[in-house]
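> Sequence:
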Amino acid sequence: MSASSEPAGNAGTGSPAMTPPAPEAVTDAGDAVTVETVAEVTLAADLHARPAGRLAQVVAGLPATVRLEYHGRPADPRAILSVLALGARAGTTITVRAEGPEAVRAVETVTRLLTEID
Numbered sequence: 001m002s003a004s005s006e007p008a009g010n011a012g013t014g015s016p017a018m019t020p021p022a023p024e025a026v027t028d029a030g031d032a033v034t035v036e037t038v039a040e041v042t043l044a045a046d047l048h049a050r051p052a053g054r055l056a057q058v059v060a061g062l063p064a065t066v067r068l069e070y071h072g073r074p075a076d077p078r079a080i081l082s083v084l085a086l087g088a089r090a091g092t093t094i095t096v097r098a099e100g101p102e103a104v105r106a107v108e109t110v111t112r113l114l115t116e117i118d
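Residue numbers (UniProt numbering): 1 to 118.
Just so you know, these hints were derived from the structure itself, not from any lab. Errors might be hidden in some of the hints.
[Stated by the list, open to error] Derived DEER-like restraints, expressed as beta-carbon distance ranges:
1) A60 - E116: 26 to 34 angstroms
2) R50 - D76: 15 to 23 angstroms
3) H48 - P101: 26 to 34 angstroms
4) A49 - R112: 26 to 34 angstroms
5) H48 - R112: 14 to 22 angstroms
6) R112 - D76: 13 to 21 angstroms
A quick note: this is a predicted structure, and the numbers were derived from the prediction, not measured. Note that the Cβ used here is the ideal one computed from N, Cα and C, for glycine as well.
Given only the sequences and the hints, what does the whole structure look like? Please build it.
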């Protein structure tokens, strides 16, 4: 799934859009189950330093590997400068990917945070 600069869903409702995360791949390696999931979220505001810092703080505590993508450029949300380098603006769509045992919860957490930035 690729990121798009076009707002998606909920257009004109005043609320940011988000495609709900759905597991794309499930791997069962013995006792460890890994889920990979992807969601797209339309940003309510520019992704600037304060939300990038909050994002890094939240992602650091998640039991999943999370990645962001904007216009084909990846970013590690644990690194504030990596997120800022994306240059993601309000009204554009960013892709959130996660894998790990709590991937779905991680994507839901990150997308909720991204839709609440101001």
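> Take the hints in turn and mark each one as holding or not.
Status of the hints after comparison with the structure:
1. Distance hint for A60 and E116: a CB-CB separation of about 18 angstroms, inconsistent with the stated range 26 to 34 angstroms.
2. Look at R50 against D76: about 18 angstroms separates their beta carbons, and that is inside 15 to 23 angstroms.
3. Distance hint for H48 and P101: a CB-CB separation of about 31 angstroms, consistent with the stated range 26 to 34 angstroms.
4. Our hint of 26 to 34 angstroms for A49 and R112 is violated, since their Cβ atoms are close to 20 angstroms apart.
5. Here the CB-CB span from H48 to R112 is close to 18 angstroms, well matched to the stated 14 to 22 angstroms.
6. Remark: the range hint 13 to 21 angstroms for R112 to D76 is upheld by a beta-carbon distance near 19 angstroms.
Hint check: violations occur at hints 1, 4; the rest are consistent with the structure.
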